[in-house]
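Engineer: One letter stands for each residue in the lines below.
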Amino acid sequence: MTARVLLIEDEPNICEAIRFILSRDGCDVTTLCDGTGMAEAMRKGMPDLVILDLMLPGMSGMEILAQLRADPATHALPVMMLTAKGQGRDREAAERAGVNMFMTKPFSNDDIRAAVRHLTAR
Amino acid sequence: MPFNILVAACVAYVICLFLVAWVVERRADRGQIGWLRSPLVYTLSLSIYCTAWTFYGAVGYAARSGLEFLTIYLGPTLVFIGWWWILRKLVRIGRQQRVTSIADLISSRFGKSNLLGVIVTVIAVVAATPYIALQLQSVTQSFGAFASPTQDGFAPPDTESTAIWVAAGLALFTIIFGTRNLDAKEQHHGIVIAIAVEAVVKLVALVGVGVFVVWGLADGPADIIARIDASDIADWDLQPGRWAGLIFVSAAAVICLPRMFQVMVVENGDERHLFTAAWAFPLYLFAMSLFIVPIAVVGLERLPSSANPDMFVLTLPLAEGQGTLAMLAFLGGFSSATSMVIVESIALATMVSNHIVMPIWLRLRPSQAVSGDVRRLVLLSRRFSIAAVLGLGYAYYRMSGGSTALAAIGLIAFAGVAQFLPAMLFGIFWRGATRVGAALGLSVGFGVWAYTLFLPSFGPNAVIPAMVFVNGPFDIDWLRPRALLGVDSMDPLIHSLFWSLVLNTATFLLGSLLTFPGPVERMQSAAFVRVFDAAASGPRGWSRGMAEPEELLVMAQRILGDDDALLFFEAEARGQGKLGYLPDPTPEFMARLERRLAGSVGAATAHAMISQLAGRAMVTVEDLMAVASESAQIMEYSARLESQQSELTRTARALRDANEKLMQLSVQKDAFLSQISHELRTPMTSIRAFSEILTEGDLPPDMVTNYGRIIHDEAKRLTRLLDDLLDLSVLENGSVQLNLGLTNLGEMIDRALAAASNTKPERSFLIHRDLPMENIFLRTDADRLVQVFINLISNARKYCDAATPELKITVRQRAGRVTIDVIDNGSGIPSVSQGIIFEKFARLTDQTRAGGAGLGLAICREVMANLGGTITYLPGQGGAAFRVSLPLRLEREAA
Chain A
266 MTARVLLIED EPNICEAIRF ILSRDGCDVT TLCDGTGMAE AMRKGMPDLV ILDLMLPGMS
326 GMEILAQLRA DPATHALPVM MLTAKGQGRD REAAERAGVN MFMTKPFSND DIRAAVRHLT
386 AR
Chain B
129 MPFNILVAAC VAYVICLFLV AWVVERRADR GQIGWLRSPL VYTLSLSIYC TAWTFYGAVG
189 YAARSGLEFL TIYLGPTLVF IGWWWILRKL VRIGRQQRVT SIADLISSRF GKSNLLGVIV
249 TVIAVVAATP YIALQLQSVT QSFGAFASPT QDGFAPPDTE STAIWVAAGL ALFTIIFGTR
309 NLDAKEQHHG IVIAIAVEAV VKLVALVGVG VFVVWGLADG PADIIARIDA SDIADWDLQP
369 GRWAGLIFVS AAAVICLPRM FQVMVVENGD ERHLFTAAWA FPLYLFAMSL FIVPIAVVGL
429 ERLPSSANPD MFVLTLPLAE GQGTLAMLAF LGGFSSATSM VIVESIALAT MVSNHIVMPI
489 WLRLRPSQAV SGDVRRLVLL SRRFSIAAVL GLGYAYYRMS GGSTALAAIG LIAFAGVAQF
549 LPAMLFGIFW RGATRVGAAL GLSVGFGVWA YTLFLPSFGP NAVIPAMVFV NGPFDIDWLR
609 PRALLGVDSM DPLIHSLFWS LVLNTATFLL GSLLTFPGPV ERMQSAAFVR VFDAAASGPR
669 GWSRGMAEPE ELLVMAQRIL GDDDALLFFE AEARGQGKLG YLPDPTPEFM ARLERRLAGS
729 VGAATAHAMI SQLAGRAMVT VEDLMAVASE SAQIMEYSAR LESQQSELTR TARALRDANE
789 KLMQLSVQKD AFLSQISHEL RTPMTSIRAF SEILTEGDLP PDMVTNYGRI IHDEAKRLTR
849 LLDDLLDLSV LENGSVQLNL GLTNLGEMID RALAAASNTK PERSFLIHRD LPMENIFLRT
909 DADRLVQVFI NLISNARKYC DAATPELKIT VRQRAGRVTI DVIDNGSGIP SVSQGIIFEK
969 FARLTDQTRA GGAGLGLAIC REVMANLGGT ITYLPGQGGA AFRVSLPLRL EREAA
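So the sequences go chain by chain: A and B.
Here the first sequence stands for residues 266 to 387, where the numbers follow the working numbering.
Here the second sequence stands for residues 129 to 1023, where the numbers follow the working numbering.
Keep in mind that a hint or two might mislead.
Listed next, with one range per pair, are the computed distances between beta-carbon atoms [said to hold, decoys possible]:
id: 1; chain 1: B; residue 1: 903; chain 2: A; residue 2: 322; range: 37 to 47 Å
id: 2; chain 1: B; residue 1: 772; chain 2: A; residue 2: 301; range: 19 to 29 Å
id: 3; chain 1: A; residue 1: 358; chain 2: B; residue 2: 841; range: 44 to 54 Å
id: 4; chain 1: A; residue 1: 311; chain 2: B; residue 2: 794; range: 37 to 47 Å
id: 5; chain 1: A; residue 1: 340; chain 2: B; residue 2: 863; range: 30 to 40 Å
id: 6; chain 1: A; residue 1: 322; chain 2: B; residue 2: 676; range: 26 to 36 Å
id: 7; chain 1: B; residue 1: 1015; chain 2: A; residue 2: 328; range: 46 to 56 Å
id: 8; chain 1: B; residue 1: 959; chain 2: A; residue 2: 301; range: 40 to 50 Å
id: 9; chain 1: A; residue 1: 328; chain 2: B; residue 2: 157; range: 38 to 48 Å
id: 10; chain 1: B; residue 1: 832; chain 2: A; residue 2: 373; range: 19 to 29 Å
id: 11; chain 1: B; residue 1: 157; chain 2: A; residue 2: 322; range: 27 to 37 Å
Hints are computed from structural coordinates only; laboratory data are not their basis.
Keep in mind it's a predicted model, so treat the numbers as computed, not measured.
Just so you know, even glycine gets a beta-carbon here, dropped at the ideal spot from N, CA and C.
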């Protein structure tokens, strides 16, 4: 069975890179450039994993995370957070908010593949 | 002399005057005032007191009533010799309160009352009517005396159409002269100089005719004295009552006439000029009246008895065949009439627009007070007022028949304006004078004057039926216009003067004693009566923080004009220790702003306009106590404390601002590292991910190309970021190499517009430019300056949020510097953020990634500093607006 991944990332090139890597690894990847289309995408099919950028236009990654954790339907959904800032403060805050994995940009392709495999438990 | 040559001479003369005024105004605009504001010019401009009445009428007066004509010059002489008591105080008050007219002075003194402004304006306009008619009559008569019908030129038209042409010509001339632009303060440098020139012309002309008469027609002074003794003029007898009355009324007129107030108080550039005028002006009057009697005597001897003595100055040289001298005399008379009409109608027009038109407009459309174009309205109403004032003068001339002696008409006007005297003198010397008293006194005085002097001057049966003169209205005997309360032994002029002023003063005093002044009135009375006490700070009354500085700025720009308003606000902000254009709306600042606006639209209107933004003025108990306290010691002490306190407040504010800025900067320093990290890591992420993908191999060739291109683009983005950082660090160190050269500003803007159109190419902007102004050559580093323009224009393209975006680029040159404003029509930058936009990484929104890392404006600021200029944010322009200012010629500093 293929893992379904929802990717929310505003940099188009990074978005394309992750989509390509995960698709090759057998995932079904849906991409969004901000948080506004999330509910719509969820209704089409509940993902097995959400990958969130921390700095997004409009609603930030932290706000989206809080929203997911507050909803019973997505309360336990695995979430991976990406950030280009890489400060300890952000990591702690994200972990307190219930993120399952925190990854700093730039990352190696192997790392992200391994992390996704781990979180989707394949 | 042919009529058309005469007309051509007048037109040529007027054009000369206009050129003088124009050149002077150009110089004044560039700040080169220098000798133009000298005591000599001030004194000469005061000579506007001598109108056609003096030039033509005085000789007629002397021929009819002997030396009595001297009274008209003795009154002003006494006032000027005693300048220390009244004139000095008037001028000081006028400058301190930025008074625009005599109506403004009285309205401002009595609590900025608009009612009083209206009353004074109406009286001034009505009283000026006969006076202007006098000038029209004299010019018309001089045309009639001079022009002769010839075959080649056209025949002189009849006197009525001459008068209407003269009136229309003067109206046009005054409108072009006096209302070309609305000055911040109601001073007209150009006009003052033109009047000074006219003063010289009329003095030279009159003295010229006098010299001709004494040494040309008679055999020198001894012969003249003998002839005077022999003539009827020597038989005149002195009537002490009439003499005293005339001296009094002319003394009152010299301070109450709207045009005298204009040149003496409003146009005064320096209080010390009064000191010179105190002896020089009486001397001028003396020179003007020196040859009056000889001209009158010789005229009576030589000219036929049917000749009008008012025209002797002109007809005597003509009869003797002295064409050139007659021409000079004609121009002298023309000068006397035009200068009076120009200044009088400008002064009256200012009063009408400030005290009648503006208040009505404010009441009808209060919302437009802030946003509407006030300047255009004011100018338009002044133009109409000038035309209307001259129209009234012409109507009076027609109604009175145009045949009365000039001096008799002038005295009617003098008695009319003398009604201002009680309100004005008591106003500046007595704290107890009140608004109600002033309104009552002025109305009663005006009514009595109109009934006993003005209306009868049209002749019996014209306005007042002849029966009323004999039996009184409704057969009430003691109400006869020429014999109030049965006093019929007095001369009609003295009779009217006596009753109008006695009743005026009596009702004024009674009204003042029976009523109490309001709070604003109390403070104004203190400011006026104690104008010389340094400690008496101006009245305050605006409560703190009610008005938004940006709204005030917008309003001030509508009245003062963009440049002056911005300069004023910038200076105020600097005084508070703040950068930029928006001072805090402290009560002190609001009071100064009000006074500044009052200089353009009058105290009452300025007060009303500020109340619309700031709410009602509050007069605190402290303010009233400060005003009421009579102890000089306490005043001085509290003034010292206050100045110390304001010093402390200023320092504290500067410290608070500095601290706030440091805090913001420290937060930004943290953000800086985090931002740098973010900006470097983002392109790095793509590069690393795609290069790993490419190394893994087995990709279709088009994907390899595509991913290769992404790596290339992101690498370029990294380079650009590093370039910007490096550029900024070089600029900040001041170690940048400037490539100076002469370049056309317009071409630089063209280049910038072309380069910036790559930013968001899908948006189309409407661009307003001023190509003629842009056509100047600057000595600067063109590439660096273009870099700044590109930044500003592409910022506008990125962030301007208007539906139909527009961009305006205006260029102005001033004192060796050029300013370029780049203004869009979006919602602008909120005032909280205006202070930080020039800092590094101070991008205001996260929304747009299209641009760099928020370094653009920081680089602009550094570039401009290196080019010897500045870049600032201009608030209140209806959009985001940046002002770039730099020297026209940048000289390389010695290394």
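Engineer: For every hint, state whether the structure bears it out.
Structural biologist: Against the structure, the hints come out as follows:
{"no.": "1", "hint": "B/903 <-> A/322: 37 to 47 Å", "result": "holds (43 Å)"}
{"no.": "2", "hint": "B/772 <-> A/301: 19 to 29 Å", "result": "violated (58 Å)"}
{"no.": "3", "hint": "A/358 <-> B/841: 44 to 54 Å", "result": "violated (32 Å)"}
{"no.": "4", "hint": "A/311 <-> B/794: 37 to 47 Å", "result": "holds (45 Å)"}
{"no.": "5", "hint": "A/340 <-> B/863: 30 to 40 Å", "result": "violated (58 Å)"}
{"no.": "6", "hint": "A/322 <-> B/676: 26 to 36 Å", "result": "holds (31 Å)"}
{"no.": "7", "hint": "B/1015 <-> A/328: 46 to 56 Å", "result": "holds (50 Å)"}
{"no.": "8", "hint": "B/959 <-> A/301: 40 to 50 Å", "result": "violated (30 Å)"}
{"no.": "9", "hint": "A/328 <-> B/157: 38 to 48 Å", "result": "violated (58 Å)"}
{"no.": "10", "hint": "B/832 <-> A/373: 19 to 29 Å", "result": "holds (20 Å)"}
{"no.": "11", "hint": "B/157 <-> A/322: 27 to 37 Å", "result": "violated (50 Å)"}
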